[in-house]
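Chains A and B, in that order, give the protein sequences. Quick note, in our numbering, the first sequence goes up one by one and the last residue is 171. Quick note, in our numbering, the second sequence goes up one by one and the last residue is 259.
Straight-line C-alpha distance at most 25 Å; calculated PhoX-like pairs for lysine-lysine:
| # | chain 1 | residue 1 | chain 2 | residue 2 |
| --- | --- | --- | --- | --- |
| 1 | A | K49 | B | K244 |
| 2 | A | K39 | B | K39 |
| 3 | A | K55 | B | K255 |
| 4 | B | K78 | A | K137 |
| 5 | B | K81 | A | K36 |
| 6 | A | K137 | B | K215 |
| 7 | B | K22 | B | K12 |
| 8 | B | K39 | A | K59 |
| 9 | A | K106 | B | K215 |
| 10 | B | K49 | B | K87 |
| 11 | A | K106 | B | K252 |
| 12 | B | K39 | B | K119 |
| 13 | B | K22 | B | K42 |
| 14 | A | K55 | B | K12 |
| 15 | B | K78 | B | K119 |
| 16 | A | K55 | B | K252 |
| 17 | A | K72 | A | K5 |
| 18 | B | K22 | B | K205 |
| 19 | A | K49 | B | K255 |
| 20 | B | K42 | B | K25 |
Keep in mind the hints are simulated off the structure, nothing from the lab. None of the values given here were measured: they were computed from a predicted structure.
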Amino acid sequence: MDKRKKVILHDLPDDMAKKLFATLADDYLIINANEKAAKCVGCFECWLKTPGVCKFADKFQTVGQAILSSEKLMIVSEMLYGGLSIPVKRLIDRSIPGITPFFKKKRGQLHHLQRYKSETEIKAVFYGTEDFSEEEKLQAIHYIEAMGLNFYSKQNEVIFAKFDDLGEVKI
Amino acid sequence: MKTIILSLSPRKSFSASMYFSKVVKLFMTKGEVSIATIKTQKEYLNFEKQLTDIDNLVIVTPVYVDTIPSTVLEILVKIQKFAQDKKIALNVYAMTNCGFYEGEQNQLAQKTIEMWSRKCGFIYKGGLGIGAGVMVAFTRTLPFIGIAIECLILLIRVIMCIAAGSLTVQNVFYHYFPYTFLIQTGLYLLWNMGFFVNGFRFAKKIEKSGDSPLKYTTLWFCPRFLFVIIATIYWIVASVIWYKGPFWRLHKEPKRAKR
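Starting from the given sequences, assemble the full structure and let the hints guide the process.
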């Protein structure tokens with residue numbers, strides 16, 4: 001993973017990704033979650049044995065560093081049960097080396113301490129083929145809020161779109 | 001009543017979800033209760049066969065980055081397809097555990113399982129969200145640590161008696177009392193009390209297929225500041241003893257990207 005400070009994490013089919021992100025490749029690190037990736041197994045080695053680095057030495061070994069040290073993080077994900085799709089969640093699970101195992105109190109609850117001294121801005125675009133229910137939308141908003149707290153985001157934005165309308169979403 | 005407790009932690013060993021599953025199973029004295037895991041396709045197919053024949057399904061999962069892990073999502077999607085095809089009706093209970101102190105941080109995971117249940121055509125009956133899950137589950141080792149320390153104390157006494165040429169049972173156990181073991185066991189029981197009490201109520205609701213409105217619990221008799229101190233010590237000790245890791249770098253950026 002390179003050290004570009006703007007990151008797009010998506011699960012879009014290749015043709016749609018090319019259409020949306022073609023002009024952004026120089027400024028953004030574009031992470032395609034559909035590529036083969038190991039799954040987090042909750043081993044804690046990334047916290048305790050090799051702090052900051054996942055034990056699975058695949059393409060996404062340092063995805064946590066890319067996400068947690070970014071200044072802008074855009075997540076484009078198909079919605080599943082009011083949350084992220086399986087491929088995107090797989091990489092979000094793999095991002096925990098980007099934080100430390102230690103705790104601090106934030107807004108009345110415990111959260112992990114930062115490993116990287118940067119604050120990001122999260123923009124999450126949830127897409128699907130059908131209209132979302134209000135319950136799904138609310139769950140997605142709460143999820144991104146919670147993720148924002150743990151990822152030290154200073155600003156969160158959540159957008160809902162139909163797959164065919166993704167071209168109209170402002171990146 | 002037939003119940004399957006489906007323990008879905010991705011961990012291979014020492015899983016907190018499995019500990020919570022076993023304790024809840026222990027509390028369920030009526031009906032037919034079994035624990036299932038899905039680590040392989042064979043296990044999944046075996047679980048699928050049983051799914052058509054049960055009344056209650058208890059989903060037990062850890063929380064990774066605010067909600068359920070991708071590995072669990074994969075299994076839920078498979079179950080959804082099967083349940084929709086076969087039009088299965090059953091009750092779903094969710095027992096989730098997160099590493100943070102506050103049980104309330106399980107809310108999103110519980111809601112996810114509730115939404116999944118509806119898509120499957122199942123009835124979500126409620127759940128239990130356990131805070132400080134890693135620590136609650138780790139405390140089950142405390143009595144064993146206590147036994148190990150007591151054995152060490154007795155071994156030292158034996159060596160000292162041999163050195164003094166006075167090895168008798170009376171001398172070895174002279175003024176001996178297993179304080180360490182009792183303290184460690186006491187701490188285990190106290191800190192797990194929240195889970196025991198709420199887990200017992202949860203188990204009794206499942207036995208009757210009754211509603212179990214979502215409840216949260218955490219370490220009892222351990223305020224948040226103490227939890228933070230113990231957790232900090234735990235991470236450092238675990239890094240040194242089990243992982244042989246550089247404990248002085250646990251909070252720092254990695255030196256290089258690849259090992």
